[in-house]
Amino acid sequence: MVTESMDTNYLGDEEIYKENILDHFKNPRNFGEIKICEICHSELNPTCGDMVKIFVKLKNGNIKEAKFKGNGCAISMASASMLTEKIKGRNLKEVKKMSEREIHEMLGIHLGPVRLKCGMLSLKTLLKGIEIMEERK
Amino acid sequence: MSDVDKVITKNTKIVSVTHISNVLGTINDVKEIGRIAHNNGALMVVDGAQSVPHIKVDVKELNCDFLVFSGHKMLGPTGIGALYGKEDLLNKMSPFLYGGDMILEVKFKDSKWNDLPWKFEAGTGPIAQGIGLGKAVEYLESIGMDKMKEYEEFLTEYALEKLKEIEDVEVYGVDNAKERSGVVSFNIKGIHAHDVSAVLDREGIAVRGGHLCAMPLVTQVLGQQSVVRASFYFYNTRQDIDNLVRGIKKVKEVFHGH
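First to last, the sequence lines map onto chains A and B.
Counted the way this note's numbering counts, the first sequence spans residues 1 to 137.
Counted the way this note's numbering counts, the second sequence spans residues 138 to 395.
Don't read these hints as lab results, they were simulated from the structure.
Treat the hints with care, since some could be wrong.
To be verified - Straight-line distance between alpha carbons at most 25 Å, and here's what the computed PhoX-like set of lysine-lysine pairs gives: (1) B:Lys326 x A:Lys117; (2) A:Lys97 x A:Lys59; (3) A:Lys53 x B:Lys249.
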């Protein structure tokens, strides 16, 4: 059991490949491209070669549609799939505040320092994409 | 090996080659490569980080100009290693670090360097690490490097045979265990190396997953995004390999459901 006082990297006997992660990995949601969109950005996790590209279409400051493409480990792909579901319909300002904590909550597991990079890749890609879009304005 | 002749030319100054590949386990014929290097007037530098801990290495036999190895891959401490160099070459070289013990005489305008090896050992050395590495060498020698190679061959042969029997497992490198050291890199089709190593970790099996610090080899030569590597040493047994095989089957169960 992971308790409050324990290191968040502690995994104990917790199963990393929970049913929902494997499901999102095997049947990714929102997998594909959006031809015309405001945000389109890709990032690479150089330690393992995971690649994620995120596409976001906006309407009145809200995320109307989000899709992703990429390849990599189950954690990075499931995380991207879940993230696109999670951000749909949400306000861009809210999304910009998302952090590691939300990714952990979303995946429902505690990731160690190595796999954290896999889990964070999709959010990192999205945030960078937003930054690039805002710089362009 | 067939390309070495074409790659090394009269324009080559230094040939730097790994003795044993940390990805494929291939034992390179560094003696022959060194001969070609010398025929072209180049210096031969050998990376012995993977060979010194696993096979008998004789720098005079290999006739290399330089050879390096690291303590942490041979049961020794981290942060220490050794550089061998031919005496005449080291004498010709200037120090690259300055500090205590590397000078014989210092004046306002010029200095005289100390003799070898102190010329290259400026300042207070890592004393504990030095003693630790020395003990590691003694210990490995007490086991015997020929015996070590023979035992690793026995394990590698068994591992290659067992891994190749598993469906969807792709093993990289040469088939003959005599031509390689005790590392076996592989992939399970459709499952990322990090996912494989995470499940194996849960099964109590420690492997490495990723590019193994050899990204061009993994991505451009093997055409893989990453690989899983199992490494053996003399403390491993055939039972460990049986456990690995069981672990791989567990990985397939988790991801493929069979």
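Against the structure, the hints:
Of the supplied pair hints, the one linking Lys326 of chain B and Lys117 of chain A holds, its CA atoms being roughly 23 Å apart against a limit of 25 Å. Between the alpha carbons of Lys97 of chain A and Lys59 of chain A the distance comes to roughly 19 Å, so the proposed pair stays at or under 25 Å and holds. Proximity of Lys53 of chain A to Lys249 of chain B is assessed by CA-CA distance (about 59 Å); at most 25 Å being required, the pair is judged violated.
Checked against the numbered hints above, the structure violates only hint 3.
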